[in-house]
Amino acid sequence: MLEDLTAKFDRALKKITGQGRLTESNISDTLREIRRILLDADVNYKVSKKFIDDVKEKALGEEVLASITPGQLITKIIYDELTALMGGQRTELTLNASGLTILLMVGLQGSGKTTFSAKLAGYLNERKRKVLLTASDIYRPAAIEQLKLLGQQINTPVFSIDDCKDAVKIAKDSVDYAKANGLDTVIIDTAGRLHVDEELMNEVSRIKQTVNPTETLFVVDSMTGQDAVNSAKAFHDSIDFDGVVLTKLDGDSRGGCALSIKAVVEVPIKFVSMGEKLESIEIFHPDRLASRILGKGDIISLVEKAQTQFDESEAEDLEKKILSNKFDFEDFLKQIRMIKKMGSLKSLMGMIPGIGNAVKDAEIDDKELVRVEAIIQSMTPAERKNPKILNGNRRKRIARGSGNPIQNVNRLVKQFNDMQKMMKMFKGKGGKKMMKNFGRKKF
Amino acid sequence: MKLFKNVNFDKLKSGLNKTRDKLVNRITETLSGKAQIDDATLEEIEEILITSDLGYDTAIDIIEKTRVTLKSDKDRSDLNVLATIKKELELILESYAVEQTEFELVEKYNPFVILIVGVNGAGKTTTIGKLARNYKNAGLKVIIGSADTFRAAANEQLEIWANRAGVEIVQSVTGNDPSSVAFDTITLAKEKGADIVIIDTAGRLHTKNNLMNELSKIKRVIAKVVDYAPNETFLVVDGNTGQNALTQAKEFGKFTDITGLIVTKLDGTAKGGILFQICAEKNIPIRYIGVGEGIDDLQTFDPKNYVKALFE
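As given, the protein sequences belong to chains A and B, one line each in that order.
Under my numbering, the first residue of the first sequence carries the number 671, and numbering increases by one thereafter.
Under my numbering, the first residue of the second sequence carries the number 27, and numbering increases by one thereafter.
A portion of the hints provided could be inaccurate.
Claimed, not checked - Chain A stretches covered by chain B per the calculated footprint, using a threshold of three residues with CB under 8 Å from any CB of chain B:
(1) 702-710
(2) 772-783
(3) 874-885
(4) 888-896
Treat the hints as calculated values from the structure; they're not laboratory data.
As the structure is a computational prediction, the values presented were derived from the model and not from experiment.
Ideal placement from N, C-alpha and C gives every residue a C-beta, glycine not left out.
This is chain B alone, in the form it adopts within the complex (with noise of 0.2 Å):
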């Protein structure tokens, strides 16, 4: 079974509206019309796959495979060719195995602990709130610990999304040691018999080696108080950033194991194209995405769904 199952598909493609306009609506509009296809039309669709931050290399490679299968110029039909970058898109997304945390493995190791980290301003916080609230529908005892210390009122905000949530929330004092919060916060989720912890870290930018460090210490730490913690370390990417994504998730990497991606801000704009990315590289498992400002708009990532939505 699993955890997290928040999957709401009209949600999905109403926050997706924008990229689905920008992404597949352009492509449509660019093709039609066109008797045959020629290398200046491809052209102007790699200019729509690279704006949409697909990527230089995966939007050269999507037209490069296009140009391919469809050899002849009597092949380059505008279906044809709208049906092939479709079905090249499809492929990045559906080739990305998809890890979910199950419940059992919640009973097997309990708390089961959840460490949250990022650049400045991706949406941790807001996320954690949101993550709270789903697991707690799970009918799970959820725990937060406020381990970012360090921005002005990061605890007041992540208090006030554990309010909303209706979680209990280990708060911080400004200056503190975010390890040895995360120490009593896993403590206390023993103490009660919490199902899941949930700790938030302050935003670092990941070329800053000591705050990267400082995470690698809470790792440690908390691994003093249960021995297999973090079982979860989820990377929170702002679905705004570009090519630096993928930097984020490289070098967030080399510091402590992230075991997913959750990729917020999705709604709105026209920016689900780094996905697709994320997805060709095929390192880490995207997770979770926000695509709405409630807090039931966090919802489960699933690459069918996920085409399907822009598609549609």
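Next comes chain A alone, as it looks inside the complex (with noise of 0.2 Å):
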């Protein structure tokens, strides 16, 4: 997400990078150049106006001390000046603790409203919310399918009546469900819209006044152009809604409306979506996604990533035998089960600084991952406990039985033993480069 962009602020960045000290003829080309990439990268044109009117008069206005380089300034300068631009702190969806919680979804076509009302919903459900997903999209044909059907995979109840063409009934009788079945969550799924159609704006205006909202959100396409903003304002003015959901942001370096949206109708952006798993939804970090597009990495989504699918205890037990030096392959297999569920392997690289541009074009395969796994499936339990027990005969047998070439098979054992190696060195300074082997490594 947003390489293009950051790798093209490097570039500008670098022009300034080196010279003596700021002034308003060394600045101005750099500050040129990142006006023509925010404006690339769709963002609103008075937004970007304004963005580098305050960097250049901030930029100007401040000492370069001794000990910084002029280009460090200006990154700095800058990444306060988004973060400030895509609305400094992040904002928690408001979730009521006792009674219940309305949560109403708006937007555009083809803005990905009814995926992320399901996302949202498996979101909740793991912090202990009781969801009901209500169907009001009476309009596009199948859609009251496509969100029963997501409701299965997610075990979600999914409220719906059968030729019903009236959404406002629909959304109002699906609070009342809630209420009598003693869930806590109601997550409404409406039709997409145009804010210029009237009669279905007001449609969705009389939902919103008839269940009153704990939060009205509005869903938003990533890949918008300059008209995000005018279809932002025009939503705010006739819905109100009380936060932004960016989603396809996994689409492509484009990520400006980001950074107008917020700008220009004053409301917080709580979620980004990204990716086709149901499971690819996080807050949305101002901070940090500025220094994110500063090429400083986005370390911390990857440990909160990590954190909500590595199982505490098992993760603790898998520090424990690290450290004494016990693992074996029947803890890789988990790890490797444990990645997968986190998502795909080169998304999961994006997030470390640092490597996320060297990723960038790099193919890293995810069948790879099941290869491996079929190897050690294909290892009797002792083997896995045991890898040294490991000969040339035991190899053949697992080379045929997973359907790989034997030199697959030495490959993995190989890198397994250099694996503990370096897991030695976890405990000291090794760490660090231990995430570096990792990026570069093929499995």
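Take each chain as given, in its own frame, and dock them per the hints.
Written out as structure tokens, the structure is:
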């Protein structure tokens, strides 16, 4: 996500790195470059202009300290401004501790409301909420069917009324249903609509008035162009939403609307949604996104993601094993499965600082993991516990059993031995080195 | 004879109302009442062009050409500036070669196979419904294949559109191999003597290599039934998309030859600007544009008409 923008920023900043001090003339080139980058990334015209003006004012006003380079200085200024522009601190979703929490999803056609509703339901399920999904998109063919199928995947009830042509009634009845059935959170998926379609805008206003949601979230495709701020503004004027959700942010480098929507409608971005897997939902962190754009990586996001997917006790167990050097193939297999749960390897790598750019074009094949899994599964429990007994004959059998050439088995065993050696260093300063190797190594 | 000839100027014009307000009318407003057009005014126009998604390069290009054409301040009357900008916009679209699928091709290649690709939420399924209706109206026998085996209820959605268009559909079950659905559809089309096969695919972001490879596979597999297939591969792009539309065209092109673009959702809001940028790149022809919600609102893209609808 946003690698392209990050790379361009890097290039623009390099131009002033190594310069003596910040002057009107030596930053003007950089600023022009940055303005162009922002516009190419679909950042709103006015927002980019104001951003550039603010950065310029701060940059010229600031004394250059002897200890830092002008490049570092302007990076910091841009980072601070970018963070401020995207909303400063992150803002949490409001969830009522007692009583019903009602969340209303609105947005244009194809922005990803239905998929996001299901993702949010899954996210809240994990946080011990009892969620009901409401299918009130009565216009798009099979929209209700889609939500029902997604609901099944995450074991969440979906409320709908067959052949009902009244979206307001469906929303209202779903709230009553939730109350009657002891559920505490209702997520209402609505039909996609254009902000110029008065009739449909009225409908969604009526839903809002009727159910009085705790929060209304505006779902927007992150690939949207300059018009994003207009539709956001129009929706805000008539529906007064409380938060923004940016979808398809894994799609590509552009995330320009993340920079401008907040600035134009003064509403925080609350979630980003990236990828087709239903667990690919993240809380939006303005500061992290800013640091990511400047090439500092997003290590905190990675850690948090790992935390939710990693079972705490298993992780502790693993740590003990690593420290006592008892890590075996059984644990390796567990680890691979956890990694698979977290999403694609490439998206994980992209979050590690310094690696993001390196893997941008690299082919990281998730199938390698499947192959490794197959090899380990073809080992006997004794072999998994004690890899030292893997002699030639055993390896041949494993190769046949897993449908791999013997070289693959040999390579895996060798890599496993290397890894064990590396883990011995884990307690010392080897940790960082291991990260690096992890990035380069192909299983 | 053209295969698909839905051009309704009034509908196009009303669909582009917002774009016209934003682009043409705002430029006119900016210029009106000014005796001489200075650089500050040109900068305002640059802003209008950029905020209409014409893109930085195209916008700067138009402004620079205007500046050069109208060298002296005397030339820069409001009418001159407007006319120059209009001309530049027209030039971008008019130099654009339009390709159309001819009836003869469908007679030659039977069945004629069309593959529909695009990112999530671009409007592929809806577009297929509209395409099918238009082809059917042209007297052709159409079969649709639902190879979006990924998204929940995609199959049901396409089925409803197939019913509306009154054409046959080969359905899929979630989790099926999309290639096999495509294969079955074309096989059935051959058996039944259908003229046109339209294959729907799952929405995929162009950054997902494995999904993009799946597209290449669909292509390989359908070529096993009829070696010339697909005859056309249309990339469906949401008219709301900004600069990313160009990237999409480029990236999809790496995995499958895109023979045309279909730009959807152009009605309602001010977003017709992206078309200028696509045209300026001159890589892939725009075939159809969606200017309304109705089943008849998918039109053949005619650059001359488009400019006319914008400026009239």
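Go through the numbered hints given earlier and state which of them the structure violates, listing their numbers in rising order.
3
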